[in-house]
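*Asks:* Model the full structure from these sequences, guided by the hints.
Keeping their order, the protein sequence lines are chains L and S. Its first residue numbered 1014, the first sequence is counted upward by one per residue in the numbering used here. Its first residue numbered 1014, the second sequence is counted upward by one per residue in the numbering used here.
Everything labelled a hint here was simulated from the structure, so no lab data went into it. A hint or two may mislead.
The list makes no distinction among identical chains, and a pair is therefore deemed to hold if it is satisfied within one copy or across any two copies.
To be verified - Here are the simulated BS3-like cross-link-like pairs (lysine-lysine), alpha carbons at most 25 Å apart as the crow flies:
hint	residue 1	residue 2
1	Lys1015	Lys1073
2	Lys1073	Lys1208
3	Lys1262	Lys1169
4	Lys1190	Lys1169
5	Lys1262	Lys1190
2 protein chains.
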Amino acid sequence: MKPLILITNDDGVASRGLRHLVHLAQEFGDVVVMAPDRNASGLSTSITCMRPLHAYLADKEEGVEYYACDGTPADCVKMGFEHFCPRRPDLVLSGINYGSNSSINIIYSGTMGAVLEGCLNGLQSIGFSLLSHKPEADFNACSPYIRHIIRQVLQKPLPDFTALNVNIPHLPAQQIKGIRVCRQARAAWEDSLEKRIDANGKPFWTMTGRFVCNNPDHDTDEYCLSNGYVSVVPVSPDFTCYQHIPNIKNLEL
Amino acid sequence: MKPLILITNDDGVASRGLRHLVHLAQEFGDVVVMAPDRNASGLSTSITCMRPLHAYLADKEEGVEYYACDGTPADCVKMGFEHFCPRRPDLVLSGINYGSNSSINIIYSGTMGAVLEGCLNGLQSIGFSLLSHKPEADFNACSPYIRHIIRQVLQKPLPDFTALNVNIPHLPAQQIKGIRVCRQARAAWEDSLEKRIDANGKPFWTMTGRFVCNNPDHDTDEYCLSNGYVSVVPVSPDFTCYQHIPNIKNLEL
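*Replies:* Listed below in structure tokens is the structure:
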């Protein structure tokens, strides 16, 4: 039986990045899409606890069923594999996202929230993001790298409880230098909420900000991306900071 | 100058668990509250990118300003420390949450999303959760443990880029055996979405499920909690799975 690949994203079921990923995944197996019915960016690994969820067949193209769900990307993964996949998926893919999910962006990312949800359910899971927010973003240069990563993971499963965060520079194909396995760079968004006054004199704040990542080390995703490499960071839904367990024990809690 | 403590939660500004934490924190410093204006459970580290945010003074009691925000818990931390704190906070506290944020629950938790947001901004950050969803939950037995942890962290700062996930069993004071520093247990929610049919014959799904954590190891939060200990897990907004970087390099990506 062909591998079954469940695909989602956070930009929504209508995203061109999602379609591009579907077309690549079809080279490797059967594909089911369950994606948010709208742009669901910034939703992290959030789930919908406070209202019911709905899902419906939004499109069918080249044999692929595109389901839309009014929940979060993580909801989409649960919905997809629990209720809409004909068998247990061999792979969960998320993306291709418009914009970076490298460095600290992972913690806000719905794309990567879906990946963590797949991973904690024991499913091989990979998120793909392109470093461009432009509507005219060109996904073609991504294709060989995405194909290669899908092929390798289908042949050699990822370590237990581990998923991949793949970010791809938005460069012409000949300028991408290769793939680097690396770690998440330390960074933050500064001055992330800016105040304005609305037509009624009432204040409101808009999410904006400056991405600050000073002198990233050579083994980080930010360094690799800014030097023309595709970055691959192994990530886990185990948030324990193992290295600091002894220090915390010394706090005499 | 007294320490400044920024407090948030995900159960909303009206939560009794929040008030309990405020009263404890007042013993150590000045307190500012910025909390969601409603129950914001399950929102993880999500942020609000797609609409403007609002915040207002909802209550003032015993000198503490309780601000409400229509965003997520992570938004509340950004809003609080960027715009509503009179100086940089010495501590960010989140909770006391109704219900466990141990084990895999951390990845969905708005309580802990706020904590990760505080931590990545370089603020000492701690989340507190009580293992009861009951409206009549008794927070009194938590008090000595919360006091002790706040005192220790104010005296001896946490390691860089590290926060604490504190869960407290819902037991009478004399049955709580102490505090254990531990790691996040491996677990998952199974069959998390259940289908029903609404009055118009249309399907909908509700988040529910079974929490499955088989034979947790003795060094995990689940084991410690089920044996009457307060669990403290050091966590980080760095999701890199360092132990598996060599394995992923062997995938020949």
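*Asks:* Take the hints in turn and mark each one as holding or not.
*Replies:* For each hint, the structure was consulted:
no., hint, verdict
1, Lys1015 to Lys1073, "within (19 Å within a copy, 62 Å between copies)"
2, Lys1073 to Lys1208, "between (43 Å within a copy, 23 Å between copies)"
3, Lys1262 to Lys1169, "between (38 Å within a copy, 12 Å between copies)"
4, Lys1190 to Lys1169, "within (24 Å within a copy, 45 Å between copies)"
5, Lys1262 to Lys1190, "between (44 Å within a copy, 16 Å between copies)"
Checked against the numbered hints above, the structure violates none of them.
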